[in-house]
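A.B. asks: Given only the sequences and the hints, what does the whole structure look like? Please build it.
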Amino acid sequence: MKLCSLLAATICCAVCVQATDPERVEVQTIKDGLQKLPPVSRRILVDFDRWTPEKALQTPAGKLIGKTVLRDAEAALQMPPCKRIKEGKRLLGVARQVLARVNALAMAWKMTGDIKY
Numbered sequence: 000m001k002l003c004s005l006l007a008a009t010i011c012c013a014v015c016v017q018a019t020d021p022e023r024v025e026v027q028t029i030k031d032g033l034q035k036l037p038p039v040s041r042r043i044l045v046d047f048d049r050w051t052p053e054k055a056l057q058t059p060a061g062k063l064i065g066k067t068v069l070r071d072a073e074a075a076l077q078m079p080p081c082k083r084i085k086e087g088k089r090l091l092g093v094a095r096q097v098l099a100r101v102n103a104l105a106m107a108w109k110m111t112g113d114i115k116y
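Position 59 (the sequence shown) corresponds to 58 in numbering that gives the first Met the number 0; numbering is contiguous.
All the given hints hold, so there is nothing to weed out.
Keeping only pairs whose Cα atoms sit at most 27 Å apart, straight-line, the calculated DSSO-like set for lysine-lysine is: (1) Lys109 x Lys54; (2) Lys35 x Lys109; (3) Lys115 x Lys62; (4) Lys115 x Lys54; (5) Lys35 x Lys62; (6) Lys30 x Lys66; (7) Lys109 x Lys66; (8) Lys66 x Lys115; (9) Lys109 x Lys62; (10) Lys30 x Lys109; (11) Lys66 x Lys54; (12) Lys115 x Lys82; (13) Lys30 x Lys54; (14) Lys35 x Lys54; (15) Lys30 x Lys62.
Label pairs and their in silico Cβ distance ranges: (16) Leu90 x Lys30: 32 to 42 Å; (17) Lys30 x Pro80: 34 to 44 Å; (18) Gln57 x Pro79: 34 to 44 Å; (19) Leu63 x Thr28: 16 to 26 Å; (20) Pro80 x Val26: 33 to 43 Å; (21) Arg95 x Val26: 23 to 33 Å; (22) Gly112 x Thr67: 17 to 27 Å; (23) Val26 x Gln57: 15 to 25 Å; (24) Lys82 x Glu25: 37 to 47 Å; (25) Trp108 x Lys62: 14 to 24 Å; (26) Asp31 x Pro80: 39 to 49 Å; (27) Glu86 x Pro59: 35 to 45 Å; (28) Ile84 x Thr51: 34 to 44 Å; (29) Gly87 x Thr51: 35 to 45 Å.
Because the hints were derived from the structure by calculation, they are not lab data. Using N, Cα and C, we set each Cβ at its ideal position, and we do this for glycine too.
C.D. replies: As structure tokens, then:
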């Protein structure tokens, strides 16, 4: 889950910053870009009104992130469904697995538009 959240945040920052050379973006510029995002209550991971896969995948970082997201989504499609197995009194491990799969599949669908995701 942390990886998917980090990937989405990185893509969003790269697009929000709109730097001419994404490899030389300053930390303060990224922080300023994050400040311009809508409140967390209005978005899950990405504000899709401002973010498009086409813009994000044009950057070197976006291409690398895109490959990672698609790899994770393909792996999620090959895995059996998660089973509701309690670890003691908690389902936290299973919930994390489900969330990671949903994030990967949702981002892959948004990037490609492929119905299999």
